[in-house]
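Asker: Protein chains in written order, with UniProt numbering: chain A, 1 to 337; chain B, 1 to 337; chain C, 1 to 337; chain D, 1 to 337.
Careful: at least some of the hints might be erroneous.
No copy labels: a pair is met if it fits in one copy or bridges any two.
As the list claims (entries may be wrong) - Simulated pairs of lysine-lysine, BS3-like, Cα-Cα distance not exceeding 30 Å: (1) 36 - 6; (2) 176 - 119; (3) 6 - 27; (4) 12 - 278; (5) 6 - 176; (6) 259 - 176; (7) 67 - 176; (8) 148 - 176; (9) 278 - 259; (10) 70 - 118; (11) 70 - 119.
Derived by calculation from the structure, the hints in this document are not laboratory data. The structure presented is a predicted model; accordingly, all values stated were derived computationally and were not measured.
There are 4 protein chains.
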Amino acid sequence: MIIVMKQSATVKDIESVESRLLDLGFKTHPIHGDIKTVIGAIGDKRLLNVHAISQMQGVETLVPIMKPYKFASSELQHTPTIIDVGGVQIGGKEIVVMAGPCAIENEKDFVDTAISVKKSGAKILRGGAFKPRSSPYAFQGLEEDGLKIMVAGREATGLKLVTEVVDTRDVELVNKYTDIFQIGARNMQNFRLLSEVGMTRKPVLLKRGLSATIEEWLMAAEYIIAEGNHEVILCERGIRTFETMTRNTLDLSAIPAIKDVSHLPVVVDPSHATGNWKYVPALAKGAVATGADGLIIEVHPNPPSALCDGPQSLRPERFESLMDELRLVAQAIQRTI
Amino acid sequence: MIIVMKQSATVKDIESVESRLLDLGFKTHPIHGDIKTVIGAIGDKRLLNVHAISQMQGVETLVPIMKPYKFASSELQHTPTIIDVGGVQIGGKEIVVMAGPCAIENEKDFVDTAISVKKSGAKILRGGAFKPRSSPYAFQGLEEDGLKIMVAGREATGLKLVTEVVDTRDVELVNKYTDIFQIGARNMQNFRLLSEVGMTRKPVLLKRGLSATIEEWLMAAEYIIAEGNHEVILCERGIRTFETMTRNTLDLSAIPAIKDVSHLPVVVDPSHATGNWKYVPALAKGAVATGADGLIIEVHPNPPSALCDGPQSLRPERFESLMDELRLVAQAIQRTI
Amino acid sequence: MIIVMKQSATVKDIESVESRLLDLGFKTHPIHGDIKTVIGAIGDKRLLNVHAISQMQGVETLVPIMKPYKFASSELQHTPTIIDVGGVQIGGKEIVVMAGPCAIENEKDFVDTAISVKKSGAKILRGGAFKPRSSPYAFQGLEEDGLKIMVAGREATGLKLVTEVVDTRDVELVNKYTDIFQIGARNMQNFRLLSEVGMTRKPVLLKRGLSATIEEWLMAAEYIIAEGNHEVILCERGIRTFETMTRNTLDLSAIPAIKDVSHLPVVVDPSHATGNWKYVPALAKGAVATGADGLIIEVHPNPPSALCDGPQSLRPERFESLMDELRLVAQAIQRTI
Amino acid sequence: MIIVMKQSATVKDIESVESRLLDLGFKTHPIHGDIKTVIGAIGDKRLLNVHAISQMQGVETLVPIMKPYKFASSELQHTPTIIDVGGVQIGGKEIVVMAGPCAIENEKDFVDTAISVKKSGAKILRGGAFKPRSSPYAFQGLEEDGLKIMVAGREATGLKLVTEVVDTRDVELVNKYTDIFQIGARNMQNFRLLSEVGMTRKPVLLKRGLSATIEEWLMAAEYIIAEGNHEVILCERGIRTFETMTRNTLDLSAIPAIKDVSHLPVVVDPSHATGNWKYVPALAKGAVATGADGLIIEVHPNPPSALCDGPQSLRPERFESLMDELRLVAQAIQRTI
């Protein structure tokens with residue numbers, strides 16, 4: 001921790017800060033510049049009540065030196081985390097594609113879609129049984145019936161399942177059915193829910209919050225890991241900006257940024273980010289070339305009749321041709337799909 | 001609903017859209033401009049699967065005519081909602097000030113603070129027993145013990161209580177102690193939690209999400225009201241922008257904007273918005289002059305030792321003088337504090 | 001300047017950085033923590049090519065200690081700047097109201113408006129002769145004819161003039177007519193234009209850029225002051241955010257934040273910020289109570305027929321009653337209008 | 001234009017609006033829904049003073065049907081624009097790479113860099129002679145001397161030149177030297193400068209403003225085209241968001257969005273977007289795979305000693321290997337570099 005003192009700080013102010021730091025068990029290293037003084041404080045930051053210092057007379061600002069996350073940091077673990085979901089490895093050389101409809105609507109459509117996306121090369125089947133919707137009047141999902149349909153999709157194809165959980169009370173239930181928990185963007189800082197999935201031993205796909213910084217996102221991952229569950233997959237799905245031509249702004253820079261500071265795998269959701277199926281293929285290819293470890297793409301047999309997010313869903317045949325295009329892009333960067 | 005057809009739409013495209021609308025039970029009113037055609041669709045929008053239409057050949061965009069919220073809208077209720085919390089009226093001529101520490105730390109400090117803010121003119125006592133913190137390593141609150149301390153504060157002063165609930169599983173517990181539920185910014189779109197407090201008959205202070213539009217905020221209120229609980233108090237607490245000199249950007253424009261489209265009362269939290277106690281008095285006065293129905297302000301007997309958000313807390317004596325200033329501002333706009 | 005070294009930095013990396021700093025004329029103060037080393041560098045930062053250091057092996061990040069602006073900073077000048085515009089003082093106890101139409105359209109309307117706003121208590125007359133418009137097909141202003149009309153308004157009322165300049169080539173021309181130059185939001189980082197008005201000795205009203213941080217805004221002021229013109233008035237006019245119910249988000253927190261770090265006066269433009277006349281009175285009162293040194297408000301005799309920004313303009317009679325309301329608010333905070 | 005009337009609008013309100021529209025030369029088509037009335041207005045929108053209508057009694061909102069840009073729109077021109085810069089075609093099958101240092105510092109380094117980037121496959125040479133810098137104390141460029149050095153780089157390599165112009169007064173001068181004008185992000189809405197380069201017949205690389213929507217960006221292009229210069233190349237270079245780990249947020253979604261509504265070519269600047277050379281290769285590949293028509297990349301022989309933006313510059317050898325990687329990605333999407 002570095003404490004920057006104001007230009008107007010007096011010798012007494014500086015001494016008081018040092019004295020407080022020493023009381024708290026820190027070693028101090030003041031540097032007296034021509035205009036300002038800064039004080040380096042060495043010790044266990046958990047001992048430091050940061051506020052106590054920031055409000056002392058003459059203090060301008062505190063500069064943290066250590067990152068606030070630990071388990072999620074590449075400072076702790078240098079090699080990339082590879083998550084094994086029943087044989088499907090996320091974070092390795094292969095780019096894993098997750099596909100399926102936004103919401104599960106009925107068994108026939110879901111199983112047909114599952115068979116189709118498997119044929120195209122998807123390895124994980126997505127589908128929503130609990131849907132967080134902006135409007136209380138919109139379709140909220142089939143709940144446990146939806147989970148049962150998902151299992152039918154898995155049995156028909158061998159694909160692994162990923163589905164969202166939105167309430168701490170449902171974690172146990174969803175755990176019975178899914179292979180990967182999804183935490184949605186709106187729940188990225190629902191800390192109780194994070195802790196609850198952290199107490200299971202299932203992989204968690206953690207979507208970035210609409211206005212979450214990369215650091216806050218990693219802190220959310222830290223909540224899960226701190227409970228003992230190290231299997232966190234980050235999912236970039238667009239952030240909120242002023243632009244209105246796309247639903248959100250897909251932040252592909254987050255991929256190299258995360259690879260720089262963390263060891264966790266990152267997948268990209270171009271469907272929710274753009275809200276428009278026409279833009280999905282271009283951004284799916286862009287995400288792969290940028291270094292994503294996976295994609296999660298909405299596919300629906302008949303988008304105009306979808307109960308949720310039809311406009312962003314690809315038809316199975318468009319998904320199939322996209323997968324062919326993605327394989328070429330993956331190959332160009334020495335990876336596979 | 002207005003359907004705008006593309007310039008390149010064919011007669012057949014237009015006919016298909018009309019035909020689909022008629023099948024769905026709508027009356028259609030096409031307007032053929034020189035360059036584009038638009039189709040007005042009249043009927044119950046709940047019948048309309050919007051996606052079905054937006055993805056049809058030749059459709060450029062859909063323009064909704066009705067607001068997505070109903071109960072929260074001033075179109076339904078023209079007079080302002082006044083919420084009575086055991087005799088304290090929120091939304092009337094009097095501006096209601098809520099004050100207290102960020103987190104409840106111990107009974108003595110809390111009760112002392114309660115007595116002090118009551119003396120200064122606060123009507124509601126705030127305090128956090130369940131704290132959503134960005135870091136899993138930060139103080140998370142005293143939970144039920146904190147709630148019991150809150151009650152001691154109420155007993156010592158007669159002030160009403162407002163405290164946050166962060167988990168659907170805790171609603172029943174918190175309901176036993178509090179007078180007003182607080183839903184925090186990070187949970188504004190935790191729809192299950194909204195429904196759960198909607199099923200109680202206690203007032204709910206609904207904080208605006210960090211990146212929530214006013215419309216999304218009103219939709220969150222709609223979730224609560226749709227369950228039968230009409231007692232929603234909106235709380236503006238700053239939105240996330242690119243500016244870093246303040247923690248968030250307090251959006252006081254939200255006050256007149258909400259007064260224009262809704263009947264719900266709005267209070268303002270300058271403490272969380274700025275994250276800096278030095279800016280709190282200026283913005284508290286600004287909020288009152290702009291038309292806020294109340295304020296929620298953090299007060300702590302010794303901010304440097306606070307376990308949470310000390311830098312944004314006022315000392316009791318500064319709060320007292322601020323209340324004196326606020327009374328003059330309220331008077332200038334024909335209201336009282 | 002503080003150089004934070006990576007956890008993985010070697011002794012050799014640290015020595016290389018120190019050696020480079022010494023070569024550049026700095027004194028170095030390394031602090032070896034348990035996990036990371038930081039190096040304090042003391043000396044004239046103008047000597048320091050920051051990039052040279054930030055890219056050296058083992059460097060994690062650089063932390064500047066000094067603010068990047070100097071003349072605009074309250075570290076240099078502790079007392080507030082008061083700008084005298086022919087007897088009208090901006091930055092003192094009196095809150096100065098500037099009013100008038102967005103664009104100057106014809107002499108009669110302009111002079112009538114001038115007489116009316118003077119009667120209501122405005123001290124400065126605003127009007128646009130050069131209009132920066134998003135569309136090349138929109139009305140671009142009367143140019144020099146507009147400036148002549150402004151002078152007629154001044155002659156009829158004694159009010160001082162403020163008008164925008166948008167091109168370095170027009171500075172000399174506008175200088176002949178106006179009392180205050182306005183630099184619009186879109187030109188806040190048109191550095192050549194800033195330097196050009198910096199070379200005059202007329203006050204400059206510097207609007208905040210749509211996505212400018214407060215620090216960048218002060219750096220823009222620094223461009224003007226660095227040329228020798230110390231008469232800079234900052235004008236908050238809303239920043240760009242995701243919210244769409246108002247045109248921009250008025251950032252009233254900028255008022256106390258600027259008062260904290262700078263000595264320059266701040267005025268607020270609620271008209272452009274909201275884009276909606278209905279919200280202007282509430283936010284004008286809010287700005288005054290928050291501590292603004294002035295307001296700039298659009299007034300038009302017949303908003304529906306205005307050639308520019310009619311929807312945000314007040315009618316003269318609404319402006320008059322607003323001024324009455326503002327006087328009471330100013331009085332409540334011990335200021336005058 | 002569609003006029004949506006309020007729920008509370010009276011028959012008389014509706015009649016007044018219709019009557020006003022008829023006076024303005026429009027044909028009106030009212031649609032009376034169960035709750036609200038909307039009025040379709042057909043005619044030449046240039047006749048319509050939008051404000052006149054939006055402020056009438058009972059009007060809720062106006063919905064424009066036509067896009068505000070014309071020449072930049074794919075509604076006017078269906079085939080992509082290909083811009084020929086002395087034989088280098090931008091917007092065709094080949095992806096054009098522009099490379100060079102941020103600022104021109106001296107002839108030797110610049111010519112060496114030019115020779116090197118040409119060898120690696122760049123087709124256009126970039127370099128700044130006029131630099132818009134946030135600080136008045138930073139290096140502002142060599143001006144005409146820099147332009148002369150650029151020409152030496154062209155002569156040594158045959159590469160075409162792109163350089164920024166920041167002042168209307170310099171357009172004639174820069175025109176003597178450059179092959180492509182660059183308009184920087186901070187000047188995207190410097191409308192006078194846009195018009196001035198619009199009056200030349202040289203291609204213009206138009207960078208997206210830091211907080212410009214895609215629509216505003218296309219309106220800026222419209223300013224150039226409206227003066228008769230159709231040779232506009234759009235350049236995405238990151239937008240301002242709340243994220244701080246990258247300097248800006250590169251919005252690759254803008255590529256498919258622009259391809260959807262415009263015929264203009266789009267290039268991407270990953271160097272300015274991220275501000276960090278480590279992230280440049282990943283995003284350069286991502287941009288190509290997403291469909292960019294070109295890239296503009298900063299290359300400097302010795303980034304730590306660069307006078308401007310060293311941290312985002314690639315060394316020539318890293319640029320060379322990146323070009324090899326980009327060729328594979330281009331090939332994977334059936335394009336070339």
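Asker: Hints first: check each against the structure and report whether it holds.
Answerer: Verification of the hints:
1. 36 - 6: both (6 Å within a copy, 25 Å between copies)
2. 176 - 119: Close inside one copy (26 Å), not across copies (55 Å); limit 30 Å.
3. 6 - 27: Both ways: residue 6 and residue 27 sit 21 Å apart in one copy and 20 Å across, limit 30 Å.
4. 12 - 278: between (65 Å within a copy, 22 Å between copies)
5. 6 - 176: neither (57 Å within a copy, 43 Å between copies)
6. 259 - 176: neither (32 Å within a copy, 45 Å between copies)
7. 67 - 176: Neither way: residue 67 and residue 176 sit 36 Å apart in one copy and 40 Å across, limit 30 Å.
8. 148 - 176: Within. Shortest intra-copy distance 10 Å satisfies the 30 Å Cα cut-off; inter-copy 37 Å does not.
9. 278 - 259: both (29 Å within a copy, 11 Å between copies)
10. 70 - 118: neither (37 Å within a copy, 43 Å between copies)
11. 70 - 119: This pair counts as neither: shortest intra-copy Cα distance 40 Å, inter-copy 44 Å.
Comparing the model with each earlier hint shows violations of hints 5, 6, 7, 10, 11; every other hint is respected.
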